[in-house]
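Listed here are the chains, written in short residue letters.
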Amino acid sequence: MIWVRKNLFSTPLNALFTVLSLTLIALMVPPALDWAVFEATWSGSNRQACAGRDGACWVFVKARFGTFMYGFYPDPERWRVDLAAIVGVALAAALIVPGTPRKGLIATAFVVVYPVLTYFLLLGGIFGLVPVETAKWGGLMLTLVVAAVGMAGSLPVGILLALGRRSSMPVVRGLCIAFIELWRGVPLITVLFMASVMLPLFLPGATDLDKLARALIGVTLFTGAYMAEVIRGGLQAVPRGQYEAAAALGLGYWSMMILIILPQALRAVVPGIVNTFIALLKDTTLVLVIGLLDLLGMIHAALADPNWLGFAAEGYVFAGVVFWVLCFGLSRLSLRIEAKVNADRRR
Amino acid sequence: MTLHTATRAFVSTLAVGIALTLGPTSARAGETFDQVKQRGMLHCGVSEGLPGFSNPDDKGNWKGLDVEFCRAVAAAIIGDASKVRFTPLSARQRFEVLRARDIDILSRNTTWTQSRDTALGFDFVGITFYDGQGFMVRREIKVMGVKQLDGATVCLNIGSSTELNLADYFRANRLKYTPVQFERSDEAFAAYVAGRCDAYTTDISGLVAQRSKLGDADAHVILPDVISKEPLGPVVRHGDAEWTDLARWTFYAMLNAEELGITAGNVDELKAKSQNPEVRRLLGVEGQFGKNLGLSEDWAFNIVKQVGNYGEVFDRNLGPASPLKLERGLNRLWTEGGLQYAPPVR
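Line by line, the protein sequences give chains A and B.
Residue numbers for the first sequence, in the numbering used here: 74 to 420.
Residue numbers for the second sequence, in the numbering used here: 13 to 358.
The following block holds chain A by itself, in its conformation from the complex (with noise of 0.2 Å):
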């Protein structure tokens, strides 16, 4: 009671909200679940099951499932796309899970092996594996991969182009100067259709060169572009007296920066990372526009079957909740780190 009278209603303009947004709540959460849950449908395989229901119809999703994970991957070949998720997902545990013996090992494993792995368990081609063309990628699955390789390549192109900004050499800092603000001042929306429709006809020979190459190629340096500016931040973030004393011990360039500089300057911008690798898992959706059928891509497709039109509420709301976890799951695991990367110096 003490504690609603000193939180809740504490001022006359305190309680006047308060009241206002528990009828919001009322107003809004009883529907809302009666409209996911309780009037729902569940089971069936058909459009028929859900007739006559108000609520939502969630046997749509349930029947679209596979296509909303694996796209187009044949469904003999989807236990490779569940291995590599799921040896991706037990390396990464493996390096959060404090005490893990072996950590260096894991690391490397999870930064050289693992991609090298997953690239040739969804390709195919080799060791037997009936080859899958990216053409067949989408879904889930292709959200994924088009984030993670941009990633895990926009970090190493946004450092090498931070340390280019801040370089002493002009032409070097006048051509990083010019990418980055070439590259941020475009939409992605237009990157990704330069990248796409664009560069076969500037070189004939790139028609060959996959669209999902093409399309990562755009991402990653688009993305290494924001990165750039994230760690530049970082990197002005770090005392001057650490680049003079790592001088001062004679360190030469790369070394005083791999060692001194750079892991004080990308732990200062931890959650500007994360904020960027977040924005970029959600701008993964746009790849619909140079027809790669991601996640919503798939279910926009779906939502055109003549099977099943008119459950596009039902589509949305999935979409929404898979990006939630994954975004969520991003952030939780940005603050896990912060706290470890910062424990000697917690305030």
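Heads up, a few of these hints could be off.
As the list claims (entries may be wrong) - Taking lysine to aspartate or glutamate pairs in the EDC-like style, the calculated list, with each CA pair at most 20 Å apart, reads: (1) Lys49/B x Glu206/A; (2) Lys225/B x Asp127/A; (3) Lys283/B x Glu298/B; (4) Lys71/B x Glu206/A; (5) Lys71/B x Asp155/A.
Derived by calculation from the structure, the hints in this document are not laboratory data.
These figures come from a predicted structure and were not determined experimentally.
Let chain A serve as the given structure and place chain B on it in line with the hints.
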């Protein structure tokens, strides 16, 4: 705008220039044809989702009228209707992707217009679907024709010719209207259903698809007036006449098959037993009509056997056998009062 026109003019001049330089090529020397044959795979651009025309089913297989046309082309050339790689394309990028040779054929509910056929540098293969812009209104407002819609609010989606047709038609008939525009057709239709507009306009095929979503479909009528011609058909690059011929005769084979009563079910029997010279020519029993196209003699047989005739394809994707239950209308054969007419195989 002038720059844009200049670019287009440049591109088409270039295309014509190249075509002239190469001169008349011998039959069966089509560049696209050779590529497809060598690849053993047809690259086909389709819509990223349009009910009845192109959409993936629950298993991730592409379905629809536009999709099946590409399967028919693959059946004719490669002899296997499954040898198609479908590239879903948005309306904005479709022409650039075709021009960039990422796809061999664009089968994506594209309206045949003079400027697309000429200035844009493409060729239309034929009209696989006669569509046109129509209106849906609530039955209760008792409107019988578009001319009674003076002063109405109309929901529509932006970025297509729908907008222009609507403006032209209402201006020509001195009618007033208030457009309410949306990015996606689903949003426009939802707004109409919610009562924000008196009428909803898009192509008839779209109206039927949207109406099938409603629980109370009978409360809405599609007005009989059609205010535009929207002939939809597959598109190929201009300047590859052999390829255009091949795509065109794939379509004609499907129409002729329906006219002659050849279906996927009876094609084997007819090929073996039929005495009808037209059937025998189409199915490659007589003559060398496959050779004229650079194909094997069972080209049309493969189309009908693996995909079906035009009527079968229409029925299962748009017509009575589909949830859309669209009337054949103008898409009936000419023998049944429609516009679908194919030249004979002779």
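Comparing the hints with the structure gives:
no.	hint	in the structure
1	Lys49/B x Glu206/A	19 Å, holds
2	Lys225/B x Asp127/A	14 Å, holds
3	Lys283/B x Glu298/B	10 Å, holds
4	Lys71/B x Glu206/A	17 Å, holds
5	Lys71/B x Asp155/A	17 Å, holds
When the structure is compared with the earlier hints, no violation turns up for any of them.
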